[in-house]
Amino acid sequence: MAVRAVDRRGWRYRGNVAVRVLAATVGAYGVASCLAMAVARLGAGGRIDAVIAGTLCAYLAVPAVAIWAFVARGPWRAWGGVVVLAALFGGLAWMIGPPAR
Amino acid sequence: MSAIREGMRQVMAWLHGWTGLALGWVLFVMCLAGTMSVFKPEISRWMRPEATASAGRIEAIAAATNWLASSARGSTGWYLTAPDDRANVVEATYDKGGDYVARALDPVSGAPVARETLGGEFFYRLHFELELPYPWGRWLASIAALAMLTALVTGIIAHRRIFRDFFTFRPRKGQRSWLDGHNALGVLALPFHLMITFSGLVTLASLNMPWGIVANYGNDLAAAFHDLAPGAVDRPAAGRPATLAPIAPMLREAERRFGGAPFSRVSIANPGDVASVVTVYRSDAAQIGATVAEVSFDGPSGRVIGAWSEARPAVGTYAVIYGLHMGRFAGGLLRWLYFLGGAMLTLAVASGMILWVVKRRERAPLSLANRIVERLNVGIIAGVPIGFAAYLCVNRLLPIGLIDRAQQEVTIALDAAGIALLAAIAVPPRLGWPLLLGVLALLCFAAPVVGGGLSYLSQALARGDAMLPMADALLIGVALTALACMRAVTRKRPEIRRPARARAIA
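Chains as they are written, first to last, in our numbering: chain A, 62 to 162; chain B, -18 to 487.
One or more of the hints may lead you astray.
For the chain B half of the interface with chain A, some residues (derived, Cβ under 10 angstroms), not all of them [claimed, not checked]:
1) A128
2) L130
3) M190
4) D279
5) Y437
So, partial list: chain A residues that the calculated Cβ filter (under 7 angstroms) puts toward chain B [as the list claims (entries may be wrong)]:
6) A97
7) G106
8) G115
9) P124
10) V132
11) A133
12) W137
Rather than coming from a laboratory, the hints here were simulated on the basis of the structure. All C-beta atoms in this analysis are idealised placements derived from N, C-alpha and C, irrespective of residue type, glycine included.
Sequences and hints are given; from them, build the entire structure.
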């Protein structure tokens, strides 16, 4: 969609793609990391059980966010989604705080 | 289909292509080495043809510890893998003067076998360490696996008709044929591809996704690992020497506690110290889950000081995912299916990279960047197998007592792949493909024969050992396949070129 909407030549297009590539790599990994932390702290069961649940979920976030980064209507909108998700998961993890013990 | 859905597919195809291009070459090496690793013990046996002695796992570990006690005295740890119905040596890793050494120990004498080689371990390590120093190789492998996961998901979404692709193949039609082949390879074994990619990420989780651990344990990694394996006894060395109690009774006690299931690995921390700990791990061959039970013993007395059998659901899930990737539980037909699945993924990656070039060549003359991609494709897809075949040949040819022999084998294998890559960059693909495929065929024909190969074959046949003849037959099969590809490349090339050139002129 958006990728095709712009002209495929020129720096404008390249900048558009570069910003999205960053969202799809650094951004996706960031969201995945925050999700891993949120689930690890939310999770029931022992400390390590929740860590495993969080880690397994986190990997699934990477392709999902990477795809979002390229289907979003614009490159900054793509980053907007990344920031919102990271803030949501990161904020959740931060509010819950480290487990006791 | 609505315009938005069509657009979505195009974006997915675009993302699939670029993700594949970015890490395709790394993924090809990983997939091929991983596929070889399915037969890691068999490759090791092929590469140590003189090692034919066999002993039970308990006797073999006892012999190995006796030898290590006199030869690796100051070590901080011995890590042993027992022989089983696939491997016939004890694989020992220990530190010697600050360096880790890996040796294959004779199951009867306990001493290293004559032909010093890494055997199948080379492919196994290459699969996730890529011959790069720790942790960079594992990082690159993790990034490649994440790219693969993204490429798989985008590949699925980009598809109009997943089910029909099961049955679609239109040969000798240039881009169409490559696309059909790529789709079939990807779709037919899709559940395997998804499983192996996801579980591969999980095996390196503590490196590539440590944030859950950080959230719940902070910097206390030791506590996390203790929770993961609560049976593990971590005892610092006391600094006072002591001798290890006989190990056979400990191994028998461990197997009794495993409910009669065999052990496979044994680690001895601080051997020769009064605080030494012997830990015996249950074999992965009898269940999917990896390392689901362990028993620890006090080294000098042989008393049980820790035992654990995994029953927690989340950790059990992790063990099963880990075990699914290692595939050590898979015997017989299932092992061949792992091999087939890996081979299909390797070919899917290779055909995808070739497709990148073919698609662009049929539209217009290739740009300089894509001409470089085309040559790198030749260098990696044909050059990496050349390195592997050279590794097998050199194993037969290097003299037995050579200093640092195992490392020399690896160096020559990497050099061979490197030279092949340089050759592929130097000459046009029209020549590069047949040249490299010819060299690959030659090396695969040579591997079973050179350095007394035929005498090993006749000895194996006399013993009634089917493994070595089968491996030789597989090598000949690869050689014949390489020859067939060579013929196809030399014959087909002008046919594809003509329409593209005609269009360019018009």
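Looking at the structure, which of the earlier hints fail to hold?
-> 4, 5, 11, 12
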